[in-house]
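Colleague: Which chain is which? The protein sequence lines are L and V, in order. Residue numbering for the first sequence follows the numbering used here, beginning at 180 and increasing consecutively. Residue numbering for the second sequence follows the numbering used here, beginning at 2 and increasing consecutively.
Honestly, the hints are just simulated from the structure, not real lab data. C-beta atoms are modelled at their ideal positions from N, C-alpha and C, and glycine is treated no differently. It is possible that part of the hints are untrue.
[To be verified] Just a sample of chain V residues kept apart from chain L, beta carbon distances all over 10 Å, derived:
id, residue
1, Ser-86
2, Asp-110
3, Val-133
4, Asp-153
5, Ala-168
6, Arg-183
7, Leu-194
8, Glu-243
[What the hints assert, rightly or not] Cβ-Cβ distance ranges computed for the label pairs, FRET-style:
id, chain 1, residue 1, chain 2, residue 2, range
9, L, Ser-295, V, Pro-164, 54 to 62 Å
10, L, Arg-416, V, Leu-288, 56 to 64 Å
11, V, Arg-99, L, Arg-259, 22 to 30 Å
12, V, Glu-87, L, Glu-325, 47 to 55 Å
13, V, Val-152, L, Thr-297, 23 to 31 Å
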Amino acid sequence: MSHYSGNIDDFGMDTVSLTGSLEARLKAVQAAGFTQIMLTAKDLVDQPGGLDAAVALVRGSGLRITGFQVLRDFEGSSGRLHDYRIGIAKSMLAMCHALDCHLLLIRASSAKTANSDTRALVRDLRQLAVLAIPMNIKIAYTAGSEAHSVKEFSQAWDLVCQADMPNLGLGLDLFELLTSGAPESELEMLDPDKLFLVQLADAMGTPDAHFRVFPGEGEHSEALATLVKRLHGLGYRGAYSFAVFNDDYLQMPLTTVAQNARRAALWLGEDVLQRSVPLPNQIRLKRAMAA
Amino acid sequence: MLATSNLTQTGGDDREAIAEGANPLGLEGVEFIEYATSKPLALGQVLESMGFRPVARHRSREVLLYRQGTINIIVNAHASGTELSEKPVISAIALRVRDAAAAYRRALDRGAWGVPTHVAVMELNIPAIHGVGASRIYFVDRHKVFSIYDVDFTPIPMVDQLPPAIAGLHFFGVVQYIGNDRTEDWTEFYRELLGFAELPPEQRFGILPKGRILRSPCPLASRFYIQLIEPEMGVLDVEDDEGLQRLGLGSADVLATVAELSKRGVEFVESGSVHSDVRGALTKTWLGSVSFEIVHNLRA
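Extracted from the complex, chain V is given alone in its bound form (with noise of 0.2 Å):
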């Protein structure tokens, strides 16, 4: 078990590595994650058949909170100025720490770029970064006293507001596609920014081990990855693309889970080199963007 406590760095570190441990901004796992679409109702189909729930619904713009156990996902039509795209992108991660203010400040002074909250999509006034491409990175320091869902939501009557999950399915990850020899500068970002370590190559989760993967600095209990993924070799010009692509879901039985999964509907890619086994799977894509990544992972 790695301390909990939040070491502050000391100036020692020409010295010894503070490899483990060190989480600056007191992370503590994701808030929720938001996907944004002008096609709101085909993602909800798609979310409800992986085990997600309708639960609350924004008091006055097009936002949906979607549920199951632990994981939260917010499902944002609302177009602020800018055109929606059919094929849903994830559009942000919340990250819990420690204090949010402190948190923004922080990575302002590191480099980051702030959104002005008069532009932030949701009325919340939470603070937040760019991200990679047009997504942002949330700071959430309420999710301990209460939620911030009270504030802009309205429960969905006769819901129940905490859905368990399907076959204990938690948040393990998400993969992010980066250009050419841009690996490099994306560690250094999440690491700076972020706290986040970057795994040795032998380290590997899943089925699908290309690229790099970053662990966040949050406790075992609510830690999770962030995979980084060039293009293949020989591919050119794609450093414009880059984004959040997919979502990796941690499951204790991903044979069981990929069941369950299947009995409500769900098809997964079942090829020569990708297919289910016991350390992972890969759902199909829906809606032309759309895919989750089931990981082999116990929670503690």
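Same shape as in the complex, but just chain L (with noise of 0.2 Å):
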């Protein structure tokens, strides 16, 4: 890729931050330079002509699959409501696995009733990491705000350590870090194979009313861009999701969208991580480093 294009290829949309057919969000993505992007189940059960023709469309776009999300409340429950998440858990698989894709995002359960127990949270972790091995898929397990208890991703860590499954990693949402306070130093204790995908937004408003946006569009980019370039210090080298969700953009024209969306690919990849600029050693420099 030429510097003039500018190098975005680690960046990509959700849909969420768009509105309109999946069709021309895809093409709105594209059309901006993007190359890979986030899809949410609901853009292919809403899709006309079902599920077939959402894969069909998607797979026809040329664009990479960041990730599927979202699976919602699925650990610490029991009996029968186990049951049912378990089965919630696995038409997510099979529709993520019908779209080719390899990663399978999962927040942190939001459920009054979940057990908070660690040893029973493991355990789910664990049987939904096994589900997804025959398939090819990483599941990436965020916390959130909205978590009954695993609020942070120091405590989504942990018990991703716990369960100890190649296939199960951390999803990191900047924008929780960014409006939670969690202290960043944490984020030296990740090992950056097992932190699957990273997800970001820039931060407006007030802290108890804060909405997300693009990056670099915020009141909180500076600490944004800090963050990122720690995490690519520790070596990850994976994706970076835009997640933003922001209802002021669903009434916008799609190509401002996403051209918002550009700008953002661009600051990060060019001014924050220098991208372009050739560093042929520092991948290595930095891994030795990290280990």
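Hints are included, so try docking the two chains, each in its own frame, into the full complex.
Modeller: See the structure below:
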């Protein structure tokens, strides 16, 4: 990819930022120069013509699927409810597989009834990971402020480590980190190979009413840039997905929103991570330091 | 000799590794291997040259049972819904377990995908989970009292129902091809669901030492292995090509077995890196997909 076209391969949009038909959204994302996109189960189910038609559209778009979202309220249930959750998980995995997508996102359970006993959570996460193995799907477990007990990424990381499955890793939502006040120094404990996805959004608004905007557009851009550089320093080389759900964007033309996302990707890729500057030994050196 | 009792996981595994002996399902070897093909006669000829004899046929479907010694192979040409490939594929492994229903339940609790019985290819109501690719793993627990074949198969008249094995051949293992970077995933799959353990890299059998070898938790007399092989370095995008690739048959004397099979018309690979020796041998590939590996192995 030339310098002119910009090096934004590592960044992807999320369909939640866009409104309209799946086809129009895929086209807008691709037209803005992105090579990957994060999909939501609802995108497929809502498609006229059903799942098969949606899968054909996605495959035809040529876009890589960053990941498929989102499994909610999965872990910590028991009895019939657990069986029900397993059924939902299997359905999500089957859709993910149909898309040739290799990453399923799960948000920590926000169910009030969820068991917060570590052993129960670990057992459920292991079961999910085993379900995903034959389909070659990785599971990214993400903490969130809405969760019942796993609100911070360090708690999610702890469960991922205890579950100890090769295809179970952490999903990191940097917006949560920006707005929760969790100490970012805790990022240092992460193993970059077990960090399966980083979601990004800048934050705008007051501390008790933050909303999401594209990176570089918000009031926390510098802090966000620092976090991204820190992850890069740790050795993270996976995808960054713009997890920007914002009602304003849903009433703007697709091309405008996609161009805003492109500007964010160029800012992160070229100014923050300096992707277009060739530094041949950089990766290896940082790997060695991380080890 | 290992303890053949079935130690249950006690939750003490954070303190000590109970590497040998743990056999949560009471696994005791392989009951049968199933091939699916639209050309069952062609595969039958291959099996016969390898020393197998057709001994029974399914009562209502195009399914044949071949046997030599303790090895049972089912050739399934009954297409139910899906188109069968001309190239035979290993479509199932049936494992002998202490209690099939309990084994099935335990596997589901740990993340296996159950196969609904109404789509099962055979009429046998054998619980099964999905394995690699389109293959299945059956759980069979009736091997001691009476044979599962008694119900659904009719013996072929005038045929020895227990044909002896050529040169003492016995089931040794199965080779599974996997995608790039998939070794840890599949190791965990077989460990978590069936109690397999990985062998250290220096422990190898036969003449094709690539990949990782997993040992079944069975007692020594019925122990078998799964060998996981990733693509050669630099080969991309083969992740959808995962599947069971070939069977390994154990022999106490590989060269004698090779000589015996050669007399029956079996050809072996004799190239620079792969050739028959006392450790093992590899047959040439029939029908575009079927080969057997002979591995030196003394069965207790």
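Colleague: Tell me the numbers of any earlier hints that the structure contravenes, in ascending order.
Modeller: 2, 3, 6, 7, 8, 10, 13
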